[in-house]
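A.B. asks: Here are the chains, one letter per residue:
Protein chains: 2
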Amino acid sequence: MATTHIASVPLEKAYRLINHGPTTLISSRYGETENVMAASWACGLDYVPAKVTVVIDSHTKTRELVEKSGLFVMQVPTVALLNTTRTLGNISMNDIPDKLNIAGVELFEMPGIDVPFVEDCIAWLACKVIPEPHNQEAYDLFIGEVVGAWADTRVFNNGHWLFDTADPELRSIHYISGGQFYAIGEGMEAYK
Amino acid sequence: MATTHIASVPLEKAYRLINHGPTTLISSRYGETENVMAASWACGLDYVPAKVTVVIDSHTKTRELVEKSGLFVMQVPTVALLNTTRTLGNISMNDIPDKLNIAGVELFEMPGIDVPFVEDCIAWLACKVIPEPHNQEAYDLFIGEVVGAWADTRVFNNGHWLFDTADPELRSIHYISGGQFYAIGEGMEAYK
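Residue numbers (our numbering), protein chains in the order written: chain A, 445 to 636; chain B, 445 to 636.
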């Protein structure tokens, strides 16, 4: 379980967890209902206070849960979660209530934050919605302030990703369309 | 020159050019002044009509040019442009007027669109700003409608990226921080 390798990440470095543009999973809960969707359109917005944007379509169950609870987790799935991520992006809990079991998702809790986290991801950004009704209604665009961030220390340590040396199953995945993804590749240093 | 390999991409497939989260270059022009900046916080927003978001800091020259002209190009640089991209993200034309020469950027024109394009990129999305003053002022967040899209046919063809078989110098690059990038990696197919 990924939870054995989690360490917190300073909020001012949280943007580094998604700066390379991975496909993300958005988890949320309201009352007894919890859900997870895949989101490619997830992006950094600010450093301090750390903020992110994410597009959450109005037809998704997640949209309802996020609007009601004002909370979500944006997390980074891996090569090992490729088919799970595909399923989470392909079917809606509005059509298939058993979605999470079908996708094979396991959830866990973080103390003090009432929103479910997805096991076996490599980074987690817990976010509080900054209400922007016009963006939400006109563009399905949500802004979240990052209130907590964590990463898997096997692949992110001391503020840096370790994709070149970590288990290849822990690489982030980057969706294109129609089931086609790319894993993140080789590290490159520009001049300092 | 990349211009010899350009083909247009249908607007409804333009999102595929940035869906995998590459670092982008934002080019713009107003009057006699043209500039290019690097932007990691660039993201898809909608399919039809195609829209994107991009964060453009208020201290950049690009911000002024985009606000005055209402146009920008979001383009995808490559491994071959690693140091150029770093320079474009590191220095401001407000401080160093000769920025584009220092970065080694070459620009080209597309007929009918009054905004400069960056040579040797692998994808180009010409965008018209959808004015959203609150987002621009509160978050430095710009929304663009994609009015034209093109890609380098050596690495994007028939709606699909060809990173696994194309020249590795044509891979997209994904910025983290402090000069550290990752190239895009191995292609992976989830179940259909």
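Keep in mind the hints are simulated off the structure, nothing from the lab. Nothing here was measured: the structure is a model prediction, and the numbers come from that model. One thing to keep in mind: the hints can contain errors.
Ranges of calculated distance between the beta carbons of each label pair, as one might list FRET restraints [as the list claims (entries may be wrong)]:
#: 1; chain 1: B; residue 1: N538; chain 2: A; residue 2: T448; range: 55 to 63 Å
#: 2; chain 1: B; residue 1: N527; chain 2: A; residue 2: T477; range: 23 to 31 Å
#: 3; chain 1: A; residue 1: T477; chain 2: B; residue 2: G556; range: 45 to 53 Å
#: 4; chain 1: A; residue 1: D558; chain 2: B; residue 2: S621; range: 29 to 37 Å
#: 5; chain 1: A; residue 1: P555; chain 2: B; residue 2: I540; range: 19 to 27 Å
#: 6; chain 1: A; residue 1: T477; chain 2: B; residue 2: N538; range: 46 to 54 Å
#: 7; chain 1: B; residue 1: I574; chain 2: A; residue 2: N538; range: 27 to 35 Å
#: 8; chain 1: A; residue 1: E633; chain 2: B; residue 2: H449; range: 24 to 32 Å
#: 9; chain 1: B; residue 1: T477; chain 2: A; residue 2: R598; range: 46 to 54 Å
#: 10; chain 1: B; residue 1: H604; chain 2: A; residue 2: Y635; range: 29 to 37 Å
#: 11; chain 1: A; residue 1: N545; chain 2: B; residue 2: N538; range: 53 to 61 Å
#: 12; chain 1: B; residue 1: A582; chain 2: A; residue 2: P555; range: 46 to 54 Å
#: 13; chain 1: A; residue 1: N602; chain 2: B; residue 2: T477; range: 37 to 45 Å
Here are the computed lysine to aspartate or glutamate pairs in the DMTMM-like style, where the Cα-Cα straight-line distance is at most 20 Å [unchecked claim]:
#: 14; chain 1: B; residue 1: K572; chain 2: B; residue 2: E630
#: 15; chain 1: A; residue 1: K457; chain 2: B; residue 2: D501
#: 16; chain 1: A; residue 1: K512; chain 2: A; residue 2: E589
#: 17; chain 1: B; residue 1: K457; chain 2: A; residue 2: D501
#: 18; chain 1: A; residue 1: K457; chain 2: A; residue 2: E476
#: 19; chain 1: A; residue 1: K572; chain 2: A; residue 2: E508
Glycine included, C-beta positions come from ideal geometry on N, C-alpha and C.
A.B. asks: If a hint holds in the structure, say so; if it does not, say that too.
C.D. replies: Verification of the supplied hints:
For N538 (chain B) and T448 (chain A), the Cβ-Cβ distance of about 48 Å falls outside the hinted range of 55 to 63 Å, so the restraint is violated. Between N527 (chain B) and T477 (chain A) the beta carbon distance is about 49 Å. The supplied range of 23 to 31 Å is therefore violated. The given range of 45 to 53 Å is respected by T477 (chain A) and G556 (chain B), whose C-beta atoms sit roughly 50 Å from each other. Under the hint 29 to 37 Å, the C-beta atoms of D558 (chain A) and S621 (chain B), about 31 Å apart, fit the expected range.
Evaluation of the 19 to 27 Å hint for P555 (chain A) and I540 (chain B) yields a failure: the beta carbon distance comes to about 48 Å. Between T477 (chain A) and N538 (chain B) the beta carbon distance is about 50 Å. The supplied range of 46 to 54 Å therefore holds. Range check, I574 (chain B) to N538 (chain A): Cβ separation about 29 Å, and the 27 to 35 Å hint holds. For E633 (chain A) and H449 (chain B), the Cβ-Cβ distance of about 28 Å falls inside the hinted range of 24 to 32 Å, so the restraint holds.
For T477 (chain B) paired with R598 (chain A), a C-beta distance near 47 Å keeps the hint of 46 to 54 Å intact. For H604 (chain B) and Y635 (chain A), the hinted distance range of 29 to 37 Å is satisfied, since their beta carbons lie about 33 Å from each other. For N545 (chain A) and N538 (chain B), the Cβ-Cβ distance of about 54 Å falls inside the hinted range of 53 to 61 Å, so the restraint holds. A hinted range of 46 to 54 Å is violated for the C-beta pair A582 (chain B) and P555 (chain A), which are about 32 Å apart.
For the pair N602 (chain A) and T477 (chain B), the supplied restraint of 37 to 45 Å holds, since their beta-carbon distance comes to about 41 Å. Restraint check: the Cα-Cα separation between K572 (chain B) and E630 (chain B) comes to about 33 Å, which exceeds 20 Å; the hinted pair is violated. Straight-line distance between C-alpha atoms of K457 (chain A) and D501 (chain B) comes to about 18 Å, which keeps the hinted pair within the 20 Å bound. Annotation: proposed proximity of K512 (chain A) to E589 (chain A) holds, straight-line Cα distance about 16 Å (limit 20 Å).
Taking the CA atoms of K457 (chain B) and D501 (chain A), the gap is about 18 Å. The hint holds against a cut of 20 Å. Annotation: proposed proximity of K457 (chain A) to E476 (chain A) is violated, straight-line Cα distance about 33 Å (limit 20 Å). Between the alpha carbons of K572 (chain A) and E508 (chain A) the distance comes to roughly 15 Å, so the proposed pair stays at or under 20 Å and holds.
In the structure shown, a violation is registered for the earlier hints numbered 1, 2, 5, 12, 14 and 18, in ascending order.
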